[in-house]
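Novice: Here the protein sequences come in this chain order: A and B. Letter by letter, the first sequence follows residues 76 to 876 in the numbering used here. Letter by letter, the second sequence follows residues 81 to 235 in the numbering used here.
These aren't lab readings, by the way, just hints derived from the structure by calculation. Built from N, CA and C at the ideal position, the CB exists for glycine as well. Possibly wrong hints are sitting among the right ones.
Computed footprint of chain B on chain A, listed as stretches where at least three residues anywhere in the stretch have a Cβ under 8 Å from a Cβ of chain B [unchecked claim]: (1) 146 to 159; (2) 164 to 174; (3) 288 to 302; (4) 776 to 784; (5) 789 to 799; (6) 816 to 825.
Calculated cross-link-like contacts (lysine to aspartate or glutamate; reagent style EDC-like; alpha-carbon spacing at most 16 Å) [to be verified]: (7) B/Lys145 x B/Asp167; (8) A/Lys139 x B/Glu158; (9) A/Lys783 x B/Glu224; (10) A/Lys183 x A/Glu193; (11) A/Lys414 x A/Glu750; (12) A/Lys783 x B/Glu226; (13) B/Lys177 x A/Glu311; (14) A/Lys436 x A/Glu470; (15) A/Lys142 x B/Glu158.
Okay, the calculated bits of chain A under chain B, using three or more residues with CB under 8 Å as the criterion [claimed, not checked]: (16) 322 to 331; (17) 580 to 589; (18) 834 to 848.
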Amino acid sequence: MSEYTRREFLKRGAVFVSVLGGTIYLNPYLDHVEALAENLDDLTWDKAPCRFCGTGCSVMVGVKDGKIVAVKGDTESSVNKGTLCVKGYSLPFIQYGRDRLTNPLIRKKNGRYDKQGELTEASWDEAMGLIVEKAKKAIEDKGPQAMAMYGSGQWTIWEGYAASKLWKGGLRSNSIEVNARHCMASAVTGFMTTFGADEPMGTYEDFLQADVFVLWGANMAEMHPILFSKITSRLEADQDARLINLTTISNRSSDMASREIIFKPQSDLAIANGIANILIQEGWINPDFIGKHLAFKRGKENIGYGLEDKFAFEDEPQAADFAAYKQFVSAYTPEYVEKLSGVSREDLYLLARLYGDPLLKVVSLWTMGMNQHTRGTWINNLVYNLHLLTGKISEPGNQPYSLTGQPSACGTTREVGTFTHRLPADMTVTNAGHRAKTEKIWGLPEGTIPAQPTFHAIEMMKALDRGEVNVFWSMTANPFQGYPNLNRYRNAGLKEENFIIVSDVYPTRSTEVADVVLPSAMWVEKEGAFGNAERRTQFWKRMTDAPGESRSDLWQLIDFAKRMDLGSLFDYDADRFPIPAGHKSSDAAQDAGFYLEKALFEEYRQFGLGTHHDLAPFDVYHQTRGLRWPVVDGKETLIRYREGYDPYVEKGKGWDFYGNEKAGGKAVVWMRPYEPPPEQPDGQYPFWLCTGRVLEHWHSGTMTRRVKSLYKAYPHATASLHPDDAGRLGIKSGSRIKVSSRRGESVMFAEVGGRVTPQAGMVYVPWFDEDVMINNVTLDAYDPISKQADFKKCAVKIEVI
Amino acid sequence: MMAPRSEGGRKNSLGDNRVLVIAAALAVLALILALPTACGGSADTTFREQGLATGAPGMNLYSDKEPGQAGILPRPYEGAPPLVPHDVSKMKVTREKNDCVGCHQEGIKVSQDAATKIPASHYQGTELAGIRYNCRECHVPQAEGEPPVQQMNTT
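Take these sequences, add in the hints, and give me the full structure.
Specialist: Here it is, written out as structure tokens:
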């Protein structure tokens, strides 16, 4: 922003005010803001990562008389440098909704557990006793896979680790999944298939050096505001820096963009291949990089959508070469791409030029638009292709960047491996060596961990419906609001033979379905650790007490383990892990009598050492604003796979994609075609439905909608429509409408010309509102490789009611 | 209030049209009655489920008052970002122009109220810092209506 335009602002403002007829003068008394909180010296301040998204901002939490009364951005954190978004500033309220759960609840009639009864307060002993009774019965009747855990990217690292160890090593059940399956499983499979190792190569520092930002279906202005502010900062510093908003919906990110490119749903596959085709045709590729560092592969095609129960898919990668790849993408001519996507030849060339110009540094960014996609793995692969063909990867300012939506989707679910098929540090249960290493670290006999995955998240719910899973325990998640094709799965939970446990902090749409509700301690009511989207592991200490009888998820897991005679999994050497003097211990550590979090983390750390996943010793994280792994010799790693930055890359190699070590350290360029989505608008259901979020609300809104200022900023989920569609249907802002699909319906008010405007033929509905259960409408089709559902595309009709 | 479950969960779950105004009014009434006991309770009492579900969707209705005519909203806590009391539906923050800065840069006084001045912390030298440029990330307007669940620690 130049000095000139700033003066222009002031001038415009002044004109604006005088039009209103007000007196214009400067008010000298209003320059306060953060200074006030600084001056509240009777507060105790301590650091914690934000409770919300995957950005991982560090906040200073101000506590007075045992209550959180203020937060401020942590100036010592390079993530957010003292800033926070509106959700971050609302953290002092999320614990204190008046309906906070404070007692275990059991559904009872006439004083006894009854599936048709009412939630009734009970003791922990009674609630856990009932859970154990149901778990033992399910395991005895149907085997350990019938006892399912559904956790979360909001679990702390040690909660996820304890749950994984308890399920895989204790119950000998691989029936453990997380809500992160619906959030970034395609990002994981994208990383694994292209690089052989999960998680981004770069960090947020790369944003500060990029010339071009390409958003692939990511409205960062609302969903990752602090990262978007890094982009605006870069755009301000350099007039030539550019933001391209490649999107299906016109949104706030377009306001800062030099070009908004609207594309038809699913056609991102064609666009990426079309860009690659131009890069090759025009010679805008990097032959040296291609020759040294890339391999080419093709996989299966026409891979299906997972709509049927017990759907199974295994890709069969086949080696290819550059000539075959060139031939493959040559079908994606600008004309063909325009036909599929609606993106003009000019815009496709614009994108190709930006990716192809060796003088421009490019950061591509994405989240749910690419991950919640029935070809999510493929589109992740295809965007990596663009960075690989041009060699624009693993150097400052040149990075493909997969963002995350949950505070510890990376740190807990991906790194600990809390999925049915995974073990810590990118290992899998199907690999005998990986199982053996895990059993050794866990001190368990060989052959303990079952070698076969059981159910991924969607299949886990289907198995509940079929009666193959009978006990389903949700922790820090809201599956009975969040699952696609929700009607089927809510009904599954309500079946007489099924037993649903929900550990949470408030009544939710999931506690409605629950048979037992366990009140959890949250965020700084316990000691915790999250890992953000730049591989940064961040710790916090316990600062306040949880209300009533609430207990941390870690305490709940270990209490359950003890009652299942598996408590020895968590017996650690108390002398080795003493609780430091003056330390405010969590409930779980107090009960254990030693520093349980440290014991769990130090054991977990052994998985990563020497395997490209090195973490620092426990105590280091309490002294820093987090460190980005691999942490080798006390130093964090800013750029992976690159000589001079990554300690694992040998001198002289330049780049080494060591995740594919066995394939010569080469990254894989995949031949992945455009394939249509499983359901498209037709005569009966003529609109696309896309779901998502808004700035002020996070996930299902259970925390943010209890904060007055956030609630009032965006009280209700509305349906955003294109003005042409609205006009044709006689819909105005404020019209009451019904959106329905072949699976269900949802009623809400329409909005035209609001914060977002979808392309013609599409309706956008965020899913945060308990009164707008839009997932009754969505489709539970998923990517056969990642098993992640597509919440962004299904066919609906709209009626005014 | 918590009802015995029927197929599909709550009777008033959305997608079910039986609810609407009467249910919403009842829910509000019920909520008011339930407030004093919401946090308490002993082992022999039935849990009263409040929750956020009111049984009816709503519309977001923001202030249409011009800047300077809308007063100033109290902050959620000392040091929290000021809330936006006035109509912002026509205002944009683009690379070319930032509609907020005009009045707020210097805290221009409009009728009785002065625009809350952008504090020194938001500047880098004489320029609004790039990371603070998108004002809407923190400063949000407030629509009509109150949340179904109140806070314990609001004053």
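Novice: Would you mind marking each hint as holding or not holding in the structure?
Specialist: Taking the hints in turn, this is what the structure says about them:
1. 146 to 159: holds (count 5)
2. 164 to 174: n = 8 at 8 Å, threshold three: holds.
3. 288 to 302: holds (count 3)
4. 776 to 784: holds (count 7)
5. 789 to 799: holds (count 5)
6. 816 to 825: As far as the stretch 816 to 825 of chain A goes, the hint holds, because 6 residues have Cβ atoms under 8 Å from chain B.
7. B/Lys145 x B/Asp167: 5 Å, holds
8. A/Lys139 x B/Glu158: 13 Å, holds
9. A/Lys783 x B/Glu224: Holds. Lysine 783 of chain A to glutamate 224 of chain B sits at ~11 Å (cutoff 16 Å).
10. A/Lys183 x A/Glu193: 5 Å, holds
11. A/Lys414 x A/Glu750: 14 Å, holds
12. A/Lys783 x B/Glu226: 7 Å, holds
13. B/Lys177 x A/Glu311: With Cα atoms ~12 Å apart, lysine 177 of chain B and glutamate 311 of chain A stay inside 16 Å; holds.
14. A/Lys436 x A/Glu470: This hinted pair holds, its Cα atoms lying about 9 Å apart.
15. A/Lys142 x B/Glu158: 15 Å, holds
16. 322 to 331: holds (count 3)
17. 580 to 589: Answer holds; 7 residues pass the 8 Å Cβ test.
18. 834 to 848: holds (count 5)
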